[in-house]
Amino acid sequence: MAPGRGDACGTRGVAQTCAAAQAALCKATAGHRQLVLQLGGSADGPWLREERRRRSAEARELSAGLRSALLAGLRQAPASTEERRELERLWVLFLSSLELFLQDLCRAHHLCQLFSAQRGGAALLRTGLGGRGLPSRKGSRRGGGPVQPPAALCLEEEIEQVRATLAEMESRANIPLWTVEATQSAGTGGTAAPTAGGAWGGPHAGHCCRVL
Amino acid sequence: MTVTRLDQGQRHRPRMAFLKKIEALMMEMQNPDMGIKMQTQRVMITNIPHAVAGNDILQWILQRLQITEEEALHLGDLFVKYGYIYPLQEPKNLTLKTDGSLYRFQTPYFWPAQSWPADDTDYAIYLAKKNIKRKGILEEYEKEHYNMLNQKINYKWDFVIMQAKEQYKAGKERKKADRYALDCQERAYWLVNRTPPGVLDVLEYGLDRVTNPNENKVNQKKTMDVYRREIMYYQQAIMKSRVKSSVSLGGLVKYSEQFLSNDPILSGCLPSNPWITDDPEFWDLNAKLVEIPTRMRVERWAFNFSELIRDPKGRQNFQLFLKKEFSGENLSFWEACEDLKYGDQSKVKEKAEEIYKLFLAPGARRWINIDGTTMGITVKGLKHPHRYVLDAAQTHIYMLMKKDSYGRYLKSPIYKEMLAKAVVPQETVKKRQVKLDCLFWIHNTQHPGSSFPFGRRHLRSSPSPVILRQQEEEAKAKEAATTVDITQVMSKLDRRSQLKKEPPNGSNGKFCSAVRPCHLASPVPRPAVYAGTGTLPPPPACLPPGPSSLPPASPGPPALPHSTACPSPISVALDSTTGAEREREPQGAGPGPFPSSGGKSRVAALSFGRFLKRGCWTSPVFATLSPKCPALPHGKVQPLGERERRLRPDAKAVSSFFQIKMDAPLESRIYPIDSKEGEDNRHRARKDSAKEVICPWENPTEEGRAG
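In order, the protein sequence lines correspond to chains L and F. With positions in the first sequence counted from 1, the corresponding number in the numbering used here is that position plus 240. With positions in the second sequence counted from 1, the corresponding number in the numbering used here is that position plus 9.
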């Protein structure tokens with residue numbers, strides 16, 4: 241299966257890079273969420289908002305890259321079944337994280353309006369959090385990347401961008417959700433080691449559902 | 010990727026206006042001068058600022074809103090329950106304690122928001138995070154949720170785990186105090202949004218709404234359609250009738266005064282209130298169709314017409330009266346309309362047709378007197394019958410009864426007799442019963458299962474509604490069966506007397522006038538109309554019941570329409586009435602003049618025939634009908650005297666012609682009418698009758714067919 245292996249290696253590489261990018265995206269969205277959490281609280285301030293904006297831009301960049309990589313990977317038909325499955329799994333994960341990100345963006349928008357800077361930062365709730373307690377940014381800044389975000393988008397535009405990405409992705413790739421099975425088991429005792437990708441045919445516990 | 014259910018149109022949470030108000034108060038509380046003073050919470054070695062004491066919260070609310078302490082306490086408690094403030098020392102106990110226990114403000118991210126409910130994915134991530142932090146720390150209900158979510162959103166479970174890990178890591182990078190505060194916040198949020206079992210879910214709001222209360226209607230694009238709808242709405246608003254408040258209040262007062270004595274709570278009820286004394290005699294005495302009603306009930310009928318008509322016993326009594334006045338059909342029609350409105354809707358079409366045939370069709374047996382406009386509207390509406398199609402006619406009849414008959418009814422001997430007969434129940438002695446009850450209860454608790462020696466009266470259950478309904482149906486059927494339409498009896502007697510006077514050949518000349526058998530046919534087939542009005546005893550006449558498909562539905566006396574008075578609205582549709590029965594037959598043909606529906610007495614038919622010949626030939630109504638029917642083709646006008654002679658010979662011909670399984674006598678019964686015209690006219694009559702159905706809104710194609 242030499243020629244096959246060659247191909248498999250290539251696609252595995254795609255899957256791996258995608259997986260790595262996905263992990264990074266998760267991290268970015270998690271950080272972003274934590275920042276949004278503090279909006280309106282005692283840690284809020286222009287600095288926080290700036291930081292949030294930066295995180296958001298980073299997440300969006302990552303998502304753009306991941307999207308094109310995944311699309312490219314999926315478009316190549318002759319990928320082996322394993323890889324295809326992996327890519328589809330990643331696709332679903334990517335969409336989920338984008339949704340979460342969008343949700344956070346909406347909330348951030350709402351909160352920014354509620355506690356708008358023009359009101360002199362009035363009525364910020366005293367939530368017990370101190371400002372400037374963000375995790376170090378050493379690991380996450382990509383080397384050689386621009387220091388300033390390319391364009392400072394306002395929140396509405398950010399939301400629109402992410403929404404557009406989501407919509408585009410859903411229409412581009414027709415991946416039924418129920419064909420993806422989790423690699424991690426649920427065990428409340430702890431996280432199990434990732435098992436091999438589950439059987440293809442396991443349908444999702446059926447509700448009469450439709451993909452959003 | 011979120012999977013949502015199919016949009017059934019209701020997915021908007023109802024407006025929760027109080028949220029905004031609480032938020033405003035929360036923000037005011039932060040004011041360094043006017044707000045609540047802050048304390049520092051000490052957790053082991055860390056100091057976390059911005060804690061407030063419960064008592065301080067209470068005092069602030071009292072001072073700011075100027076309300077009573079009880080209210081302030083309740084309000085503060087609600088703040089905690091909705092998650093705007095969370096307790097620090099007892100996180101799971103979401104109540105406001107007015108001692109020194111500490112609380113903290115929730116971050117706005119975690120405020121309850123109307124626009125988005127707490128998400129399942131978020132909850133899954135939270136639980137996973139908690140699990141990662143320390144395995145097995147999840148509570149029982151949390152474990153259940155966790156497993157359930159694992160099944161529900163299994164496809165993104167990897168994402169959930171991944172994200173949980175990342176969030177956990179992100180949290181760890183913060184300094185300890187912040188981390189503690191963040192954890193507390195999130196925990197409080199989920200305690201409010203995913204309540205543990207047994208805790209009241211304050212955010213429970215019932216059903217989702219169809220329309221989105223958050224939708225900004227102000228910014229709706231003003232299209233033509235929007236304006237059109239607005240105009241319609243305001244036009245209808247203008248048209249709404251308005252009553253001065255003084256008038257409506259006066260009405261209320263009057264009503265209260267009038268009904269005070271009838272109110273069981275304010276004036277007590279005789280013999281006793283069953284809910285208090287466990288004595289169902291009151292219900293028995295006031296049963297729907299009790300033999301002798303109570304005096305109070307009968308007096309109530311005199312208050313206004315709606316009271317009378319609402320009470321089944323009142324209706325019964327009223328119907329008796331109406332029958333004496335020969336307007337019983339009004340109330341019957343009203344009741345039929347009520348049945349149409351509130352009865353089985355799957356049979357709406359059939360019911361409407363029957364009502365039409367019985368009450369509204371020209372020449373109907375129990376024709377009600379409504380004006381032409383209403384009739385027109387009704388007939389038009391009957392093309393597409395629904396439950397309110399007879400509303401206009403029903404209202405008309407209702408007002409007729411109310412304005413006309415009701416007044417006379419109240420003065421009538423029927424009502425007065427009922428009033429005299431009405432019973433006034435004696436008030437039962439209550440004390441003994443209550444005492445018995447107490448004893449019984451005591452006895453039972455001490456000796457469960459044993460029977461009480463004093464023989465306490467057993468509680469009877471009221472009769473099952475199913476049985477009641479059956480009884481009603483039977484009573485109705487019985488009544489319909491025995492109903493004798495006074496008009497018909499009278500007309501029959503009338504005819505008989507007329508027939509005696511006239512010589513047999515007297516009206517020969519009249520026959521040559523433009524009278525067609527079809528017209529003659531028309532009034533007669535009223536029995537055809539009454540399919541389904543219940544079983545009627547077939548008249549003793551020898552005639553067989555005719556085509557087996559027809560129910561023996563004809564009334565005893567001949568079905569003479571209101572053509573007793575010739576200017577009854579006999580119209581072309583009269584022909585159609587013959588057709589009603591006929592359509593059931595294979596040919597759709599009926600014997601021209603008389604329907605073969607069973608039970609028509611031959612004598613009556615003959616006399617009817619004579620009557621028609623005598624009485625109605627020259628009626629203008631018949632004249633109008635003439636264009637519809639062609640001239641006699643054969644001119645086989647036979648003198649009347651020959652009728653009997655021709656009876657038997659032609660019988661067979663008729664029967665074979667019509668292909669109806671009938672005995673000769675039936676045919677001969679029919680025969681006399683068109684003996685003059687002969688078979689062709691009968692044929693034509695058949696066509697006429699077959700051309701159209703009782704209900705003019707059906708078979709529009711046939712209406713055009715001239716006879």
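One thing to keep in mind: the hints can contain errors.
[Claimed, not checked] Taking lysine to aspartate or glutamate and the EDC-like style, the derived pairs with C-alpha atoms no more than 20 Å apart in a straight line are: (1) Lys184(F) with Glu291(L); (2) Lys161(F) with Glu339(L); (3) Lys253(F) with Glu239(F).
[Unchecked claim] Ranges of calculated distance between the beta carbons of each label pair, as one might list FRET restraints: (4) Asp128(F) with Gly370(L): 52 to 62 Å; (5) Gly370(L) with Ala246(F): 56 to 66 Å; (6) Glu322(L) with Val211(F): 47 to 57 Å.
Derived by calculation from the structure, the hints in this document are not laboratory data. Here the structure is a predicted model, which means the values were calculated and not measured. Note that the Cβ used here is the ideal one computed from N, Cα and C, for glycine as well.
Practice task
Would you list, in rising numerical order, the hints stated earlier that this structure does not obey?
Solution key: 3 and 4
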